[in-house]
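Student: Chains A and B, in that order, give the protein sequences. For the first sequence, my numbering gives the first residue as 25, with consecutive numbering after it. For the second sequence, my numbering gives the first residue as 111, with consecutive numbering after it.
Some clues are possibly wrong.
To be verified - Result set (BS3-like, lysine-lysine): computed pairs, CA atoms no more than 30 Å apart in a straight line:
no., chain 1, residue 1, chain 2, residue 2
1, B, K296, A, K86
2, A, K86, B, K226
3, A, K255, A, K45
4, A, K153, A, K138
5, A, K86, A, K208
6, A, K138, B, K297
7, A, K154, A, K138
8, B, K296, B, K191
9, A, K138, B, K296
10, A, K138, A, K208
11, A, K45, A, K253
12, A, K86, A, K45
Bear in mind the hints are in silico, worked out from the structure with no lab data behind them. Note that the structure is predicted; figures quoted are calculated from it, not measured.
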Amino acid sequence: MATLLEISGLTSHYGRIQAVKGIDVTVQEGELVALVGANGAGKTTLLRCISGVQPVTSGSVKFAGEDITRMSPEGRVALGISQSPEGRQVFGPMSVEDNLRLGAYRRSGAAAIKADMDRIYEMFPILHKKRDLPAGTLSGGQQQMLAIGRALMARPRVLLLDEPSMGLAPLLVAEIFRTIVTLKEAGTTIFLVEQNANAALAIADRGYVLETGSVVLTDQGQALLANEKVKEAYLGL
Amino acid sequence: MSAALLQYLFSGLTSGAIYALAGLGFAIIYNASHVINFAQGEFIMIGGMASATMVAAGVPMPLAIVLALLIAMAVGVILEKFAIEPARNADVVTIIIITIGASIFLRGAAQIIWDKEFHSLPAFSGENPIAVLGATLMPQSLWVVGVAGVVIVALWWFFNRTMFGKAMLATSHNRLAAQLVGVGVKKVLLASFALSALLGAVGGVVVTPITFTNYEAGIMLGLKGFSAAVLGGLGNGTGAIVGGLIVGIVEALASGYLSSAYKDAIAFIIILFVLFFMPNGLFGKRGTDRV
Ligand SMILES: Nc1ncnc2c1ncn2[C@@H]1O[C@H](COP(=O)(O)OP(=O)(O)OP(=O)(O)O)[C@@H](O)[C@H]1O
Ligand SMILES: [Mg+2]
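With the hints as constraints, model all of the structure from the sequences given.
Tutor: In C-alpha cells form, the structure reads like this:
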C-alpha cells in the first residue's frame, strides 16, 4: 500500500500557544485511520494544518510523496484533500444543491459532477428531497450529511472528517458511522477525527491517541479499543 | 400627484440609482473581506473624470467610456494588491483606515493627472427634456436608471448563475468552508475590488452629464453610497439597492420641500439614525457565523 498522507514533526501555534507539538501521522491508501483525543487535544488544529488553513510552525505535510507544507488550501483541494470541518460549516443561506455543487468547485466536467451529485443524493435521500432549501434550514444531522456530501463532491483521494458525530442523537450517530464504513468499503481513504473514541476506533484500521498536542499511543483500531489506558481515559470504562 | 412632487421623485430616483450602485460596491467588498472601502466614491469620480476628459480630448464616447471603466477596475485591483492584500493580517479597523488613506491619495492623484475644474460628458441622447404630467424628465435620467437596472440584473445573474459568483457568495457566508472546497480567497478579494470599482465607475459615467464631476466628487457620492449600504443592512445586495433609492428620494424631497441646504445632510442623518435605532439596517439580520 502506498503512503498517501505523511505528517512529520508537525507543530502549530495560536499566537504563543502551541496547539500541535511535533506530530507524526501516516495514512495509507485505502485506510480508515482514526485520531481520537479529548477536548482541546489539537485534533482540529492538525486537520486545519493538513488542509492548509492553519499556519504550520515546523515539520512537514506530504501528500502522495509531494511536500505540500506551504501549498495553498485550494491547491490541496485540487490534489485531492477534502475536509468536512468541525461544526459542519455549511453555506447556510445557499441551497443544498449549491452547497454540493460548490464541493466540486475545483473540478470540471459537468456530466461527471452531475453523476456524483446523484450518487450523494442516493446515499442521503433527504438531501435530494431538500435540495432547493437553504442549507441553514436543515437539522444538525442533515447538515452533517451535507458537509460530508460536499466534501465527497471534490472526489477526494483522502477524506478528512472532523467530529462528524458531534451533537447528534445516537440514532443519527449510528447512521453517520455506517456511512463512513460504506465509504471505506468503496475504497475511500479516510482520516477520521473523533471525541467519540469508542465508535471511531471500532471501525478504524489504525488509530492515534492525541493528548495536549502530542500523539501518546498508536496501534490497530481494535487493539486501542482493548487498551487499558485508552479504556480508562476515553471510553469511560 | 403634484408636478413638483413628481419632479422631486424623478430627481431622487436618478441619484438613488447611483447611490444604489455605490452601495452595492460597498456590499460586495464588505462581503468578501468585512472591510468598508471608503475609496468607493473615488471609483465613481474616476469613472466620470476619465471618461469626461477623454471625450474632451477627442476620444469617441463609447471608447472613452469603456476605457474609463477599465481604468477604474485597474485602480481597484491595484488598490487591493498593494494596499489591502499586504495588510490582510491586520485588523479590520486598520484596513478601513488604509482605504481612507487610499481615497485621499486618489483624490490627490486625480488633481495632478487632471485638474481641479468641473468636467462634463455630453448627454447620451441629447438634452431635450421629456414632459411627464407637468414635470420634466431629462433623457439622461432614463439612461441612469436604465443602466443601473441592467447592471443590477447582470449582478444577480453573476452571483446566482455562475460558479465564480457563487464562490464569492459562499466566501461571504463562510470563509473557512469556502477555502476547504477550494475557493481561492485571494482571487475572490481581488475580484470584489474589481467589481466594486466597475459598479462605481458605471455610476460615475452615466451621472456625469447631469451632475458634472471633479476630483472631489467622490467624497459625497461615496458617503451616500455608504449610507445606502448601511440603511439596507451592510452586505445585503437588495438592501443596498432599496437603501440607495430611499436615500436618493428622501434627499430630493428634503431639498425640494425644506431647503436645498439640507440635501447633503440627509445621508448623515440616515447613517446616524440607522446606527442608533436599527444597527442591522432594513434587510440585515446576518448572524454570527461570519468570520
Ligand atoms: N482560534 C484559536 N485561538 C487560540 N487558541 C485556539 C484556537 N483554536 C484552538 N485553540 C487552542 O488550541 C488547542 C487545540 O484546539 P483544537 O481545536 O485543535 O482541539 P480539538 O482536539 O479539536 O478539540 P475539540 O475536541 O474540542 O474539537 C486548545 O487548547 C484550544 O484552546
Ligand atoms: Mg476539534
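Student: For each hint, tell me whether it holds in the structure or not.
Tutor: Hint check:
1. B:K296 with A:K86: holds, 24 Å
2. A:K86 with B:K226: Distance of about 59 Å is beyond 30 Å: violated.
3. A:K255 with A:K45: holds, 24 Å
4. A:K153 with A:K138: holds, 16 Å
5. A:K86 with A:K208: Distance ~22 Å between K86 of chain A and K208 of chain A Cα, so the pair holds.
6. A:K138 with B:K297: holds, 26 Å
7. A:K154 with A:K138: OK: K154 of chain A and K138 of chain A at ~17 Å, within 30 Å.
8. B:K296 with B:K191: Since the Cα atoms of K296 of chain B and K191 of chain B sit roughly 9 Å apart, the hinted pair holds (cutoff 30 Å).
9. A:K138 with B:K296: It holds: about 28 Å lies between the C-alpha atoms, which stays within 30 Å.
10. A:K138 with A:K208: This hinted pair holds, its Cα atoms lying about 22 Å apart.
11. A:K45 with A:K253: With a Cα-Cα distance of about 21 Å, the restraint between K45 of chain A and K253 of chain A holds, given a limit of 30 Å.
12. A:K86 with A:K45: holds, 17 Å
Hint check: a violation occurs at hint 2 only; the rest are consistent with the structure.
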